[in-house]
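S.K.: Here's the letter readout for the chains.
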Amino acid sequence: MDDPVAIEKCRAGDKEAFRHLVERYQAEAMGHALAILADCEDALDAVQDAFFDAYQALGRFDLSRQFYPWFYTILRNRCFKQVAKRKKKVELSEAEAMILEPVRGMRPEDRISLEQALLELSPAERELVTLKHLDGLSYEELAERLEIPIGTVMSRLYHARRRLREKLVDTRLEAKEIHP
Amino acid sequence: MTEIDCENVRVAAMAISDGEESTLTKEEIESHLLNCAACREEIEPLRATNQLLSSQRRLKPEVNLWPTISERIHSNVETRQPFRWRVLLLFGLPLFGYKFFLLLVQAAPSLWSKLVPVILMIAIFTYLKTNPFKINSDLKLEGETIV
Chain A
1 MDDPVAIEKC RAGDKEAFRH LVERYQAEAM GHALAILADC EDALDAVQDA FFDAYQALGR
61 FDLSRQFYPW FYTILRNRCF KQVAKRKKKV ELSEAEAMIL EPVRGMRPED RISLEQALLE
121 LSPAERELVT LKHLDGLSYE ELAERLEIPI GTVMSRLYHA RRRLREKLVD TRLEAKEIHP
Chain B
1 MTEIDCENVR VAAMAISDGE ESTLTKEEIE SHLLNCAACR EEIEPLRATN QLLSSQRRLK
61 PEVNLWPTIS ERIHSNVETR QPFRWRVLLL FGLPLFGYKF FLLLVQAAPS LWSKLVPVIL
121 MIAIFTYLKT NPFKINSDLK LEGETIV
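Protein chains in written order, with the working numbering: chain A, 1 to 180; chain B, 1 to 147.
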């Protein structure tokens, strides 16, 4: 079933049609929520809430657009609400992979170091860097997704990468030395 | 080279390295880099970090959220949102409005002379639908400059 067909069915009152959208995008949404929140439980809550919000807002969805970028706006709102609600800093788990999938040829300890460096960035920086590098979004797409001007994308990306670089040096993971 | 020049060059160099358009041409960046060791030292490690990041893939955890979401959709109850504010609005606003009206009726003329301009200003701003003070509410990261 195509997304627009599923959305039309949902609008017509077929609640089961929403299952198609949830099952198609839940893993991607969890990946994105984890990258922002760095916490499994919070990410799970945010994704569930975002799907529920999306279901309620389907009437306002423009069928000429793609579903996921629209849904992503709802998801990131939920994620940043979770961030704002937090009273204490999230404990970073070294054992559990949150953002990066194991890549062949890269040592697990190097992946963990890179992941730790990413987790030490702010949620907004982490979101930007991962959307750029792991999803391969262009500056224009990033500007659209994050609702900021392209100049701001360039500047924020530069500063986020600079901070990441500093964290990598702290963890003694020299990017030049790794050839995945 | 001034600090701000260097920062613009670094941001532009990273944009070019990402295959994007930048505010400076490749020639302008190269010419700056030839004369600026600080920028060369800054950009090379960042390019290496870029390469490292771009060789990674995002983790997409296997989850099955449909049972929980389905339950919420079918019950159509927003469990997380408290409804107290709605009750407060329902009863509080009319009460507040009534009390405010009574105060206004009994108020001295001096209060009216203060209230009327305030109400007029609110009405004008609502009509214009713009922020007359041009307050920039965009979030900005530490050390960031807008290009």
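There's no promise every hint is true.
[What the hints assert, rightly or not] Below 25 Å or equal to it, Euclidean Cα-Cα: the simulated SDA-like pairs (lysine to any residue) are: (1) A/Lys-9 with B/Leu-65; (2) B/Lys-26 with A/Arg-165; (3) B/Lys-60 with A/Leu-121; (4) B/Lys-60 with A/Ala-12.
[As the list claims (entries may be wrong)] In silico negatives: residues of chain B with every beta carbon more than 12 Å from chain A: (5) Val-11; (6) Glu-28; (7) Ser-55; (8) Trp-66; (9) Val-87; (10) Val-116.
[Said to hold, decoys possible] Derived coverage of chain A by chain B (criterion: at least 3 residues anywhere in the stretch with Cβ under 8 Å from a Cβ of chain B; other residues may be distant): (11) 49-55; (12) 59-69; (13) 75-86; (14) 97-108; (15) 124-134.
In short, the hints are calculated from the structure, not lab data. Predicted model, so just to flag it, every value in this text is computed and none were measured. Backbone N, C-alpha and C fix where the C-beta goes; we use that ideal spot for every residue, glycine too.
S.K.: Look at each hint and say if it fits the structure.
M.R.: Status of each hint after checking the structure:
no., hint, verdict
1, A/Lys-9 with B/Leu-65, "20 Å, holds"
2, B/Lys-26 with A/Arg-165, "23 Å, holds"
3, B/Lys-60 with A/Leu-121, "20 Å, holds"
4, B/Lys-60 with A/Ala-12, "31 Å, violated"
5, Val-11, "5 Å, violated"
6, Glu-28, "15 Å, holds"
7, Ser-55, "4 Å, violated"
8, Trp-66, "5 Å, violated"
9, Val-87, "21 Å, holds"
10, Val-116, "38 Å, holds"
11, 49-55, "holds (count 4)"
12, 59-69, "violated (count 0)"
13, 75-86, "violated (count 0)"
14, 97-108, "holds (count 7)"
15, 124-134, "holds (count 7)"
Hint compliance for this structure: hints 4, 5, 7, 8, 12, 13 are not met, and every other hint is.
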